Each structure stands twice: as C-alpha cells, then as structure tokens.
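Given the coordinates of chain S, assemble chain Y onto it according to the supplied hints.
So you can see what is in the structure, the chains are spelled out below.
Protein chains: 2
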Amino acid sequence: MNPAIRRVEYAVRGPIVTRALEIEQELRKGVPKPFTEVIKANIGDAHAMGQQPITFLRQVTALCLCPELMKDASLPSDAKERAQRLLEACGGQSVGSYSASPGIQMVRENVARYIERRDGGIPARSEDIFLSTGASDAIVNVLKLLVAGSGVSRTGVLIPIPQYPLYSAALAELEAVQVNYYLAEERCWALDVAELRRAVAEGIQAVSPCPLWVSPGQVQSRECIEAVIKFAYEEKLFLMADEVYQDNIYAEGSAFYSFKKVLKEMGPPYAEEVELASFHSISKGFMGECGLRGGYVEVVNMHPEVKAELSKLVSVRLCPPVIGQMILDTVVDPPKPGEPSYERFQAEKEAVLGALAEKARLTQEIFNQTPGIHCNPVQGAMYSFPRIDLPPRALAAAKEKKQAPDMFFCMRLLEETGICVVPGSGFGQKEGTFHFRMTILPPTEKLKILLEKLSAFYTKFVKEFS
Amino acid sequence: MNPAIRRVEYAVRGPIVTRALEIEQELRKGVPKPFTEVIKANIGDAHAMGQQPITFLRQVTALCLCPELMKDASLPSDAKERAQRLLEACGGQSVGSYSASPGIQMVRENVARYIERRDGGIPARSEDIFLSTGASDAIVNVLKLLVAGSGVSRTGVLIPIPQYPLYSAALAELEAVQVNYYLAEERCWALDVAELRRAVAEGIQAVSPCPLWVSPGQVQSRECIEAVIKFAYEEKLFLMADEVYQDNIYAEGSAFYSFKKVLKEMGPPYAEEVELASFHSISKGFMGECGLRGGYVEVVNMHPEVKAELSKLVSVRLCPPVIGQMILDTVVDPPKPGEPSYERFQAEKEAVLGALAEKARLTQEIFNQTPGIHCNPVQGAMYSFPRIDLPPRALAAAKEKKQAPDMFFCMRLLEETGICVVPGSGFGQKEGTFHFRMTILPPTEKLKILLEKLSAFYTKFVKEFS
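From first to last, the protein sequence lines stand for chains S and Y.
The first sequence begins at 381 in the working numbering and counts up one residue at a time.
The second sequence begins at 381 in the working numbering and counts up one residue at a time.
What the hints contain is simulated information worked out from the structure, not anything from laboratory work.
If you're wondering where the values come from, they're calculated on a predicted model, not measured in any experiment.
Cβ coordinates follow ideal geometry from the N, Cα and C atoms, glycine included.
Treat each hint with caution, since some may be false.
[Claimed, not checked] Some, not all, of what chain S presents toward chain Y, calculated at C-beta under 8 Å:
{"no.": "1", "residue": "Pro412"}
{"no.": "2", "residue": "Pro433"}
{"no.": "3", "residue": "Thr441"}
{"no.": "4", "residue": "Leu445"}
{"no.": "5", "residue": "Ser477"}
{"no.": "6", "residue": "Leu525"}
{"no.": "7", "residue": "Pro701"}
With the rest of the complex left out, here is chain S (with noise of 0.2 Å):
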C-alpha cells in the first residue's frame, strides 16, 4: 500500500464526524441522550442547513435534463432560453455528452466576461478558464502539476495555518513537503509578509525550491495583496489563490480584491511575470451547490508548455460533470433586470447573503458575551474559528485520552450536546492555543439557539475542569 495515503488527514471529515454519524445511528435506534438530533456545523454545506437553493439555477439544469419540459407553461422563457443555448453547446445536444475535457466553450467565455466585469475590465481570456469538479480538483491538478523532485530538492508548499485541510491532506497525497506560515489572529487573521519570509527561510533548509504559495482564503486588504505579490516576485513563488468566497463579503469596510485584479493593476514587472492560478467554485458563495461539483481554475502568466500540460492533464479525467458546468454558467451569467426571472434570482440571492451576514454578525457577538472564547468578526466566508481558553486539568485530561486538547473539548461537546464542530489542531493553530471551527449556516433561530449551548457547554467545561 502506499504510505503517502496514510499520512493524508482530513479535519472536517475526521473522527468527530464518524463519532457524529454513530451518534444518528443510535438515535435512530432509540439510544437515550441528552439531545434529540445532531447538528453537523463541521462542513460548509449550505444546503444540508436548510439553505434553499436558488430556482433559475434549478430550472435551467432541469430543462437540460430533460428537454421535454420545454413545454411546461410554468417555467420562465429565460431559463428555457438559456438552457436552449446550453444545449447547443453540447455534443448532440445532450448533458450526456461529454464536453471538452477543460469544459464547455460558451461557459468558459461567460467565465472570462465575468472575470473581467469582477475585475473592473481588465481583459479575462476563455483559454486561461479551465473548469472542474469543485474548487478541489482543480486545486489538485494545479500542485499535481508543480511538485515535483526528491529529498531536499521536493518541492514545498506554503499553506497558510490555520488552513482548510484539504491543502494539507492533498500535500501528504502528493508527498509535497507542507511549509506552514500562521496567519495574525490578532489582527483578524491578517496575512503578513514577515511572517512569510520567516516561513520560506525555515522552509528553504529542509527542501529546496519551495515555489508555491497557498492564499488564505480569508478577507485580504489590497495592500496585503501586494505585499504578497511582490514577495512571490522576489522569492519566484507560483501564487495559488482560493478565492472560492468572493460572492461572501459581509462586514463592513470589507472588499473582495482579487489577486488578478491587483497583479495587473501593479503594472510591470509584476502584471506580466508573476504566475497565479485563481480558484472558484459553485459550492460556496451564494448558491451553495456542493453536491453538484463545479468550479474552475484561471491561470495568469502560465508559461505555455505548462499550460499544455495542464491541458493534457485534466483531459485524463476526461470532463467536470456537465451539470455543474451549467450551474457555473447561470452564476457567472445571472438574469438580467428586465429578464422574467431576474427579480426572483436578485430576491433570493439577496435573501440568502443578508441572511449570512447576519449570521456572521451573531456568531461573533455571542461567542465574544462568554469569558475564555475569543472570536473574530467574521468578514467573509461562512466559517468562525473561535480560541478558547483550556484550563490545565482539562489538558490533562486530553493527555490522558491521547487526544489533543481541542479534540478532547470537541467531542465532550458532540457527546452532551449534539453539536459537531472541528477541533482547531484539524486546520493548525499556534502551539499552546486551541481553537475550533464552525460554519455560520444553519438557519438563524436555530444558529442562534446553537451559539448559546455551545457557550453554556464551555462554561461549564471550564467549570469541571477548574
């Protein structure tokens, strides 16, 4: 067996979330507990939290599906329009077919439009878009791509701590050497440029290139942004941006700046030298629409025989599954005002960022009421990753269990509330802090009913083990 597979972790689908499952089960089968249903805030699945999915996506895709509906009266004239196009675009005009290996021609430019309309007008090229199967895919075909080498020489990645763990886990798969720089907690999780250097420094004696660099995917200021790219132009680093929250900007005086936007608006050499692979997806945002696997990745700067690899590469796999291809092209080509189906489109979207950034807001605010949680204000995507403060005997009690701290409050809190949430040493965290992580999507009512137990729980933790 290979023993890159074992090494390979990954937090949010871990321990906790198989002890979570047994736990259904045996409620299922009548086992008493303190709780009557488990809440799974461990995943960003907005859907599995009661998210309603927004209908123009829904009826285009189902119109593809099935084009005898053409014929029903209820559908809009614009979805039936647009999936008429969709259609086209396809060999033999069916979803069955299987489209060209980097994705539909006609998604790939309404990719680029939306790019550019993102970007101010900065020009977006379809042959850069490259689509896939959810952010990840294309994410591992990027590294897949870029690591190479052995021993000292093996490439090393930059990720940033805390990180989702799918970097780390594709990493161990890879058997790339993961080089961790931390984000600045106190300062909201801030990227800073010192702390990178530092990293590339400890990193450049145990491996030797060490030529990528892993965006955070929290909210960045534009000068961070920068900062970073003139770094990564000094030390030669490929830029790997995740920037699949874009759409989910909630606090204010916050702003999504994309990497592109800002490479390009730094003029020479930066703008035409700095190579950067941009990643996106349907499963975040407002549509949420994790199952249907869609995404895509825009190369900047690629050298042209890598991109040819990249070409080759993704046409193993032969195409991303089509109806997430169709999902991409409704979110990237909205209806437009005037359009039958744009005020539902606009009502429902509207719905469900506001809804979010509410969330966001309470999140922060409860957690902060309870003395040992330390939360900061969530500016974007649909995550909180609150500190707590343990004391000794509970760390203790942790060693005993050979669990980490964290782990060890995680699954008290699983087993007497119901409540599933990823211990902070899954993402990484500073040695000696302990933190874990939470969506902010169930329903509001429900989220905050969620906040308050979870505090209650902690207090009382701390209380046991005081």
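Frame of chain S; chain Y shown alone:
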C-alpha cells in the same frame, strides 16, 4: 514542473483530436474541404453521436433538481416517487448538499442489490461499494492506494495491450511501472494465462512486487476468468476488473460473467482470499450518460485497513457528483413491470442495445470485405480495433514525417475524409502490426457510410503507397 506529468499520454484525446477540432473550426470559417463535417468516432460518447437519453433517468434527475416540477402533470408518478425518495436521502433534501463521501447510502444499497441480482444471489454489501465520478476516478483512486515503493521495488501494474489509454496515463501520473501483456488478436482478443505468466516473469526483472492486474474490458469466457483468478491467487495479484461494458454483450454465444461471481463460485481458497476491485460506470451501457460522471467500484476481500484508507482517500474529494449518483440509482433499480414508466424504459433500452448489436455486426462485415483490413467480431463494448496492413512505402513516408505509421494513416484519413479515429499505437499493439480504434456509435445509416468511406480510403491509400 512535475516530470511525471510530461510522460502522461492520452491518445483518445491526443493530437488527432486536437487536429479534428481545428478542422471543425476551419469548416466553420468556410475553408474548403472534401467533406462537410468531422465525424468523431474516436471516443465512446454515445449521446454526442445522436443516441437519445433514456427518458426515466432524466425525468427523475430533473425532478430532483427542481422539485417544483412535482406538480407537472406530464411527468409519471413513479419518476416523482423515485425523486422524492432520493431527495429524502440528501442533506436538507437538496441535491446541492454534499453526499457522504462514498456516496448516498440509499444508492449504495441499491447498487448492492443490483450486483446480487446480476450474480445470481451472491451477497453484496453496501459498505464495499464506493460511488465515484465516472469509473476513471475510482480506477485512479484504487491505483493511488496500491502503488508504492521506489526504484526496483516500485509497484508494477499489469495491463492488457491493446489497452484503454487511461490506464497508461494514470500509471504515468502515479509513476507506477507499466507491465504489458498482450491479448490474442487471432483468438478475438482472448486473455491467455501463459502470456500473463510471461509478462509477470519479465516484469519482475524490472520492478519488484508487481501486485496488480487490470482486466481488459473485452468479453472473456468463464474458463478464462477462472484461470486468471487462479493465477492471481498464486502470484498474489490484486485484481482490477474493468466491467463497464457489462450490459453491452452482442455476439451470440457470448455472455457476461463478473469476476466476483466466478471468484465466489470457485470456493476456497479463492473466494475468500483473492482481492478484487470491480468498476462500473453510467457512461457506457445502454444509458451512455458520460457527461454526468457517475460510477462505482465494488471491493471484494479487501483488507479492512486498506479499505479504511480508501474511505479516507475518497473523503478528501468530498463527494461524487450527486446527479451522477442519482442516474446510477435509476440504472441499478429501473422501473418494474406494471409501473407507469416500465414500458417506455424497456423499449428505449432495447432500442439502444439492439442498434448497437446491429452496428457491431455491420462493422465487422464491411471492414472484412476490404482486402488488408482485418476486423475481429465486436462481441461487446462499443469499439472495433481493426488491423490494417500498411505497405512499406507508407511506413517510409510516416518515418519521414516522424509519425507512427498508424498515426500517419489516421491523420491522412482525417484530412481527406473528416473521419476521426484513434491510431492503434495509442492503445498498444504487437510490434510491426497496425490498427485503429473506432467506436460503433454513429447512427446506423451514418455508420454504414462511414465504414464504406473508410474502407475506400484505405484501398486508395494502399494503392498510393504501393
């Protein structure tokens, strides 16, 4: 850049397809050609060739995507009931939520029941079934799990020649050692254990353990499968059976035997000791739903620890596309006699399989009328792999162009007739023999014209180079 990626080749989407796409662009721009359209007979993509989707599959998935359609009176009640059951098996009753990583439990159970019926009652367990993003995804995951070591202890993988180029591409990507064994063209591509023995003996010179074996996908006799299983037991090979064509058996006297059925019926020690992974897909069969990306692997006798690692590996990619899972559900649990959709479903399924059988017959008949073309009966699957005699002057002309002789032939064929087939060199062939691979999927009338045009071109080509 990762040098392993450079070594990846995938003929089915290789240079010949790139050129075919260019020619299509040229035709669109009005460049004069001796033909009006490119016929892509390079890839097993049924819908692209005009095959119509099976209505029930599409109705169910459209309903799942857009539950508002439950009130559409034109959709049959059994499709609505199925959609309702599938939605209830999804988080938040939405196809937009992630499923469990190995797939929706209800679908895994239905797959297990399907396998039991297929194998005459031999038990199947849902926990041995992992749903996937097409068969290729599952094949790569199993390979990833098993390939290890470095230098002479690097895992060697036995693959049949001719082979599906995905295998060699995946092996190149994983830096596994490809160990070829040749199928016997003179006996209709039968698998010969003596040839397997030769390949293992030679392979062991180069690499150490050589623990895997990949089934060819062609129709094999029960005796042959038994011999392979005995051989795998002796040599401690892990069996990978590509069984995606289990529904496509046309030739009289041919029948599908699953490796699992034969294995279990052989009794001890084989039944409980030989490790097997069997792959299936929604892309092939009568449904041909390539674009929706669904499939599964059933693992048999896999060591529990290795299976736990496989579970972890699939969890990193979150989940297979939910729509593909739902299509799979309708395929393994189709409408039953008396249900509203039964008759339409059966008629559509039989029409597809009947047409494929007719096209298989036609292919063999027309090719074998042409001196110099030698075509085995197409017993199953959806391809022919005819051998062509090429005159020495053609070989010299190819050499001058630095092309493999069959690539030279296929390129000329494409440029002069618009017919796109894949050179045999992309699949592997015995030294000094030349082939091309072509699907039998175009509509019968079109296929007939295509076969005649291709045969006529071959005769003209041979004359030109004699």
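Taking the hints in turn, this is what the structure says about them:
A distance limit of 8 Å between C-beta atoms decides the matter here; for Pro412/S the minimum to chain Y is near 24 Å, and the interface restraint is violated. For Pro433/S, the interface hint holds, since its Cβ comes within 8 Å of a Cβ in chain Y; the closest pair sits about 5 Å apart. Here the hint on Thr441/S is kept, as its CB sits about 5 Å from the closest CB of chain Y, short of 8 Å. A distance limit of 8 Å between C-beta atoms decides the matter here; for Leu445/S the minimum to chain Y is near 5 Å, and the interface restraint holds.
For Ser477/S, the interface hint holds, the least distance from its beta-carbon to any beta-carbon of chain Y being 4 Å, beneath 8 Å. Taking 8 Å as the C-beta contact cut-off toward chain Y, the hint placing Leu525/S at the interface holds, the least distance being around 6 Å. Hint on Pro701/S holds. Least Cβ distance to chain Y is approximately 4 Å, under the 8 Å limit.
Of the numbered hints listed earlier, the single one contradicted by the structure is hint 1.
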